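Trainee: So the protein lines, in turn, are chains A and B.
Counting from 1, position 108 in the first sequence corresponds to residue 108 in the numbering used here; the numbering is continuous, with no gaps.
Counting from 1, position 315 in the second sequence corresponds to residue 315 in the numbering used here; the numbering is continuous, with no gaps.
Bear in mind the hints are in silico, worked out from the structure with no lab data behind them.
Small disclaimer: the values here were computed from a predicted structure and weren't measured.
Certain hints may be false.
Unchecked claim - 27 Å max Cα-Cα, derived DSSO-like pairs, lysine-lysine:
hint, chain 1, residue 1, chain 2, residue 2
1, B, 350, A, 78
2, B, 208, B, 62
3, A, 129, B, 121
4, B, 182, A, 17
5, B, 208, B, 182
6, B, 62, A, 77
7, B, 202, A, 17
8, A, 17, A, 77
9, A, 24, A, 69
10, A, 17, A, 140
11, B, 202, A, 129
12, A, 129, B, 339
13, A, 129, B, 280
14, B, 121, A, 69
15, A, 140, B, 182
16, B, 350, A, 24
17, B, 121, B, 350
18, A, 140, A, 151
19, B, 339, B, 350
20, B, 182, A, 24
21, B, 202, B, 350
22, A, 129, B, 62
23, A, 77, A, 24
24, A, 24, A, 140
25, A, 77, A, 140
26, A, 78, A, 151
27, A, 129, B, 182
28, B, 202, A, 140
29, B, 62, A, 140
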Amino acid sequence: MDNPVWAYVFGPPKERKAMIELLKSLPAFEGLSTNELIQVDRMLHERRYTAGEMVFEEGMPGAGMYIVKEGEVAIRKKLDEGRTIQLALIQERHFFGEMALLDEMPRSASGYATRDTVLLSFCEPDLEKLTERNPRLANKILTNISRLVCKRLVRANENLEVLQSQLDGRPAVVSPPEESRVEG
Amino acid sequence: MSKDSGVVSHTVVRFGYWALAIGVTLCVLYCMYLLFVPLLASVLLTFVLDPVVDYFERRGLKRFWVIVGMYVFVVLAAAATVYFVLPRLVIEARTFAGDIPHYRAMIVRMLQTAQATIQDKFPQLPVPDLYQVLRARMPGAGTVDVDAFVAYTSSFFSILSVVVIVPIVTFFLLADGHLIRKALLRMVPNRYFEMFFLLFHKITSALKFFIRGQCIDALAVGVMTAVGLAAIQLPYAIVIGIIAGLGNLIPYLGPIIGFLPAFFVVLVSPEGLTMWMLAKVIGVFALVQFIEGTFIYPIAVGKSVDLHPLVVIIGITVGGQLGGILGMLIAIPVISVAKVSLEVLHSNLKSYSII
Chain A
1 MDNPVWAYVF GPPKERKAMI ELLKSLPAFE GLSTNELIQV DRMLHERRYT
51 AGEMVFEEGM PGAGMYIVKE GEVAIRKKLD EGRTIQLALI QERHFFGEMA
101 LLDEMPRSAS GYATRDTVLL SFCEPDLEKL TERNPRLANK ILTNISRLVC
151 KRLVRANENL EVLQSQLDGR PAVVSPPEES RVEG
Chain B
1 MSKDSGVVSH TVVRFGYWAL AIGVTLCVLY CMYLLFVPLL ASVLLTFVLD
51 PVVDYFERRG LKRFWVIVGM YVFVVLAAAA TVYFVLPRLV IEARTFAGDI
101 PHYRAMIVRM LQTAQATIQD KFPQLPVPDL YQVLRARMPG AGTVDVDAFV
151 AYTSSFFSIL SVVVIVPIVT FFLLADGHLI RKALLRMVPN RYFEMFFLLF
201 HKITSALKFF IRGQCIDALA VGVMTAVGLA AIQLPYAIVI GIIAGLGNLI
251 PYLGPIIGFL PAFFVVLVSP EGLTMWMLAK VIGVFALVQF IEGTFIYPIA
301 VGKSVDLHPL VVIIGITVGG QLGGILGMLI AIPVISVAKV SLEVLHSNLK
351 SYSII
């Protein structure tokens, strides 16, 4: 049963229960019933990465977003001068790469597992199919993701303000972070 | 020393793993080869039925019960077809079979008249026996293929496969298709996961759209032709409708394939070839082609497959050479499916800078 293929095909209910519990605790699937979470579980793809392994590459077409089940992912961007900067460290229970879920655009940065990591991939074609099959559930998920993306946008704007004020040489006013973990 | 033996044992295990994986894959492929026809039929049926299941699932019904309900409906519909349509079809087929000697005699007479006329006008020209030439050159002379096909369809195994394997496989593909897809995607290395996922999705979407469209188009043409010909009281309307529907899978030649048997029926009808009947048959085919070309094809199939006439001609010729009439029939759908897959593959591999 170690092989994920057979574990999935003959998936014992215990594993499914644990997965449902995990999904329940994720902000992206907040407010979903157990039946709805079972439907979500059907669409997610579990991927295992070793430390340093690339999840996706900047500039390549993206298939969807990833949720960190175990481990950690670093989001890095190449600069013009050939340097690479780290934009964020995505911790357990948080997601990244959500832009590919909403639009078929090239990845704006690369993702690397910093240690042995397990990710849950939620891909755009599956969301599209879910929108056709169960629009109510798709709407709930999209609303949750939009809320989280809005929060990130607010944080990004605040970070910009801090940078601007540092450039201008005046003190910045920053609101306390709403989440203890750093998101990408 | 121990490190070396560790490396060797790793190599052995790796070699064993790959040997086993290749062995299992070959076994699976061999099983798939044995069951190729029923498996292909199940996949095609799944492509056609999937949106119907989705439709009812969207309305809050459980997928499993939708599929069960659909099976019950299909059984009832099949029973109704057997009860209402089959007797007429059997009568048509029996009448046709009974009339064959009459038709053959009629054709022989016509050919003999033509031969006599030619010989009369060009006495120096050696004119062969036209009937024998026609018999030898008829595309239907691929009797080996027809025999093989009949032998296959009538064998116990193929009946079993159609009656048992196709419904069961289709049931699981409809109910658990996502599990199979998930299991397949798990085998893809992480590096290629996203690319493979998008390719897989785009190719299957394009194929679904194309196969579904072709089926709807063929069904519409078949039904319209049968209804139209029945309305003008042409014998064998249902049989000709089925031929026209299937023939419609071949672009350009489709209408001709449907029209030829109808023309033949008019030609050998007891009243003989009357212009009025011929005009009515042409009218029915023209109307069906107009409705199909203007309303059905653009919506059902669209521009997804736009094959050049030359490709169609070469495809049909090669298909005919390889598989007789059946080969001619499936050549264009196979080329179309290959074209759609290659187009998607090409554009995506380009976007991944692989080609």
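Trainee: Now, for every hint given, state plainly whether the structure supports it.
Mentor: Hint check:
no., hint, verdict
1, B:350 with A:78, "holds (22 Å)"
2, B:208 with B:62, "holds (23 Å)"
3, A:129 with B:121, "violated (71 Å)"
4, B:182 with A:17, "holds (19 Å)"
5, B:208 with B:182, "holds (18 Å)"
6, B:62 with A:77, "violated (45 Å)"
7, B:202 with A:17, "violated (32 Å)"
8, A:17 with A:77, "violated (37 Å)"
9, A:24 with A:69, "holds (12 Å)"
10, A:17 with A:140, "holds (21 Å)"
11, B:202 with A:129, "holds (13 Å)"
12, A:129 with B:339, "holds (25 Å)"
13, A:129 with B:280, "violated (47 Å)"
14, B:121 with A:69, "violated (90 Å)"
15, A:140 with B:182, "holds (24 Å)"
16, B:350 with A:24, "violated (39 Å)"
17, B:121 with B:350, "violated (65 Å)"
18, A:140 with A:151, "holds (17 Å)"
19, B:339 with B:350, "holds (16 Å)"
20, B:182 with A:24, "holds (21 Å)"
21, B:202 with B:350, "holds (14 Å)"
22, A:129 with B:62, "holds (16 Å)"
23, A:77 with A:24, "violated (32 Å)"
24, A:24 with A:140, "holds (13 Å)"
25, A:77 with A:140, "violated (31 Å)"
26, A:78 with A:151, "holds (25 Å)"
27, A:129 with B:182, "holds (15 Å)"
28, B:202 with A:140, "holds (26 Å)"
29, B:62 with A:140, "holds (20 Å)"
Violated hints for the displayed structure, listed by number in ascending order: 3, 6, 7, 8, 13, 14, 16, 17, 23 and 25.
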